[in-house]
Structure formats: structure tokens, C-alpha cells
Amino acid sequence: MIDIKGTLVSEGQGGVYNERMLGNFRVWDPYRSKLAALWYLDKTTALGKDEVVLYLGAANGTTVSHVADYVESVYAVEFAPRPMEDLLAVAKKRKNIVPIYADATRPVRYAALLEPADLLYQDVAQPDQAGIAVKHLPFVKSGGRLILMLKTRSVDIRKSADEVFADTCEELTAGGYLVEKSVWLDPYHKDHAAIVCRKR
Amino acid sequence: MHWYGEAGNLSTDPAQCEERILNTAAIPSVLCNWEDLREAGLITSREEYIRAVREVAVFLAVKGIAADLDTKDAALLQMVRTLDEMDEVINLLTERVTDWHAAITPGTSHKYTRANGPRLVQKIAKSGSPSLKRVAREILSLSGVRTDLMKEVSREAVSVIPNMSALVGGLVAARLISRVGGLDAAAKLPGSSIQVIGAESALFSHIRTGSSSPKHGIIFQHRRVHNANKEVRGKVARQLAAKLAIAARLDLYRGELDAAFVEQANAKIDKIFGGES
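First to last, the protein sequences are chains A and B. Take the first sequence: its letter number 193 is residue 193 in our numbering, and every next letter is one higher. Numbers given in our numbering equal positions in the second sequence, counted from 1, plus 1000.
One thing to keep in mind: the hints can contain errors.
To be verified - Under the rule of at most 25 Å between Cα atoms (straight-line distance), these lysine-lysine pairs were calculated in the BS3-like manner:
1. A/Lys93 / B/Lys1188
2. B/Lys1123 / B/Lys1133
3. B/Lys1215 / A/Lys95
4. B/Lys1123 / B/Lys1188
5. A/Lys92 / A/Lys49
6. A/Lys92 / B/Lys1063
7. A/Lys135 / A/Lys181
8. A/Lys141 / A/Lys43
9. B/Lys1215 / B/Lys1151
To be clear, the hints were calculated from the coordinates, so they are not data collected in a lab. Quick caveat: nothing in here was measured; it's all calculated off a predicted structure.
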């Protein structure tokens, strides 16, 4: 990961979402992107140059654009039509993004498009976030990573964030992942945890 | 299945690939491998593979978005949201203009002697300071647009969601589907959810703290709910919401008025409204 005097940046053509530039580098804001927040809190989660990433919950493509600056290719899945239009616009400028318009709870519908991924990155506002990660296990190379951005409030607002977190880790372990570490994304994002796993 | 087909039958043409992708029934045990295409001579490099898979994915996405956004309730949703936002703007401006008027006109600041909003705006539009007068006129003209838009919403709703409109009137029906984000979302809701659409804060406070549950949300705006006696209002709301859930499904899947259903439903609701049950 590239940082300029403590500011996380990525190298690429700017003007995706009015992001700030430092020379030829695009500033990656931890308050807007959970992956950037994770890097600020834990510098060991780097993206590799040769990695193939499967990105679930791509939304408008802001974080996707930064990921694409770092890795070999990104398969970005999004299912809401309006954000998808933005994502398509982002993908027009970045030739290593494969934008997939589909529902991440039904991987069969786009299974035919995917390659084995080095990294599964998941940031979806769904109740069954652990279940979605487990369903995508076949798309992860053995030894590949999962970074799950857990929105605890999407899972069950009646449970506390810690309870949801514990339940999710348990489900991931039962589903074939090895939970390596977890980081709460305070102060950048409230009630969000990043769970880093490896495929067993 | 792989998007580019199997050995002996490889291609990267989007239309053919679409069929393969949609016909995939299970996650393949061996995922796509770009070398398959290179060995077959269809591409020469990894970049070309990504370019080809991108083309297929974009083709599908553009097609899918067009299909999902082109529903006949899309225009109705925008209309009803515009209407509700215009209401807000008109109320806000009316309040401001009456305050302004009170501040510069002696003897009108007392709460109980002040004329009501809309009538006062009409008065101000005739006599006030020049700018104030113009703002008041704008409010009146906005109100005119609002009235026309409301009629159009009702008309449009009768054609797009005929069964729901027949039960609660076009305006309330349109507001219901606008709140949940569309007719297909509404058709998937149970009656009990439709009953409390628009009363979310009361509902969640009920779930969290155990305070009494809300009896009605947006459907309160329908006359048979708000005019009902207090004892039967909840019953009317429940029955009406149950029938609305059925009506939403009729509207989505059949799209035309089912007179027999509407008559039966209305009879049942009227009976509860009248105090029999």
C-alpha cells in the first residue's frame, strides 16, 4: 500500500468521485471507505499487485476504484440499479473492473463469470452476511483471504454489536473460514467490524 | 458452465454468453480459467481475457438495469414524491410568510387572532410589501400546481394500481407503494406490514421498549380509518391492510381491476367500520 506522509493513496487517474489528489495519487479517505479505515487501524492488510479480487457490495464504485488501482482485476458485484449505473461509469475508466449486476445472496446467477479469487471482499448491508461469505467460499482460492466488513446494524438491530460479531465469527468458522483477526472500525465507522479470514 | 462455454464450443459473443450464464444451475466445480481461451486461440493475453469478460458483464448489466428501471410504477413513484415534497415546501414558505407578515404588521402577532395560513397568504398576496407579496403569489401558484399534480397522481394510480386504488383511493395507494419503493416491493409485504407503513418510529419503539404497537401508518389517511370510531379503528386498519396486500399482488401480477374482489373487500371493511364484526 502506498502512503504519502501517513495519508493512504492509490495510483491512478483521478476524478472518480471528486477525491483529493496528491500529485498523481488519489487520496483514499478512511471515513468514506471501510477498507481504507482498516488500513489506518491495521497496516498488515495489504492488497497485492497480482491479486484477483471478488468484491461484493460494490455500490457506487468508490472503494472499488481504489482497489482496482492496486490489484490485477476486480469482479465487482452490485444489485441496486442506481449505484450500478455509477459503477458502470467507474468501470469505463478502469479496464480491470468487471462490473456484475446481480444479487450477492444468489451466487449461482453469476458463477459462470467468475475466476478463483485471491481475496473475497464483502461489504453488503444484508442480514445474513456470514451466510453470503460462506456461499462464496467456492470462489476463493485455497489459502485465499476474506475481508468481511460486518455492518452489525444490518444483521439485527435488537442485538448488541458484540453479540452479532460473535455469532458471525462462529458461522464463518463453521462454514470453512479461519478467522485470523478482527478490527472494530471506530472512530471511522460506527458499529462496523472488519473480520479478516483465510480459507481453510 | 463457464461464460465462454466448454471445450469444442468456445465463444465470447455476449448474446451466447448470456444464455450460458443464465442457464447455470449450480456453482461449477472448476471455475473459469483464462488459459482455456488462450489454448483455444481465441485470445492471446490475460488483458484480452479481462476485456472479453468485462464486455459480457457490462452487456448483461446494461440490459438488467434497463429492465429493472422500466416499470410502469416508476413515474408514479416520482410523481407522488414530488407531491409530498411540494407540500413540505408550501407549508414551510407559508409559515415563514405569515411570520414575516406578523412582524411588519402591528396587531397581528397574537396567536389567537391570527388568520390561518392559506387564507392569510391570499390576503398577503394582495396587500403586502412588494417582495412579501411576490413570495405569497409564488406560494399560491405552487398550491395550484400541487392541486393539479394531486389529481394527476390519483388518475395515474387508478390505471397503474387499480385494485389498491379502489380500496383506499389513488393518492393513499400511491403513497403506500412510494414508501416501500415500488409495487413489487409492496406485493411482497404481508398485510401486517402494510398496516404500519409510515409508522416506523412507533413500530420500532414498540419492538424495542414494548410500548403499545401502532395501529395504522399511512392508511390512516384513508377516510374509513380516520373516520372510524376509536374502538373499531384498529380492526378497520387491520382488515383494510390485509385486503391491500391482496390488491397489491393482483395489481402486480394481473394489472387489471378485479371488481368482484374489490366489492367483497369493501363490503367486509364497511361492515367493521359500521361497528358489526
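We went through each hint and held it up to the structure:
1. A/Lys93 / B/Lys1188: Violated: lysine 93 of chain A and lysine 1188 of chain B sit about 38 Å apart, past 25 Å.
2. B/Lys1123 / B/Lys1133: Holds - the C-alpha atoms of lysine 1133 of chain B and lysine 1123 of chain B are around 9 Å apart, at most 25 Å.
3. B/Lys1215 / A/Lys95: violated, 53 Å
4. B/Lys1123 / B/Lys1188: Given pair lysine 1123 of chain B, lysine 1188 of chain B is violated - Cα atoms ~48 Å apart, limit 25 Å.
5. A/Lys92 / A/Lys49: holds, 21 Å
6. A/Lys92 / B/Lys1063: holds, 16 Å
7. A/Lys135 / A/Lys181: holds, 21 Å
8. A/Lys141 / A/Lys43: holds, 23 Å
9. B/Lys1215 / B/Lys1151: violated, 28 Å
Hint compliance for this structure: hints 1, 3, 4 and 9 are broken, all remaining hints hold.
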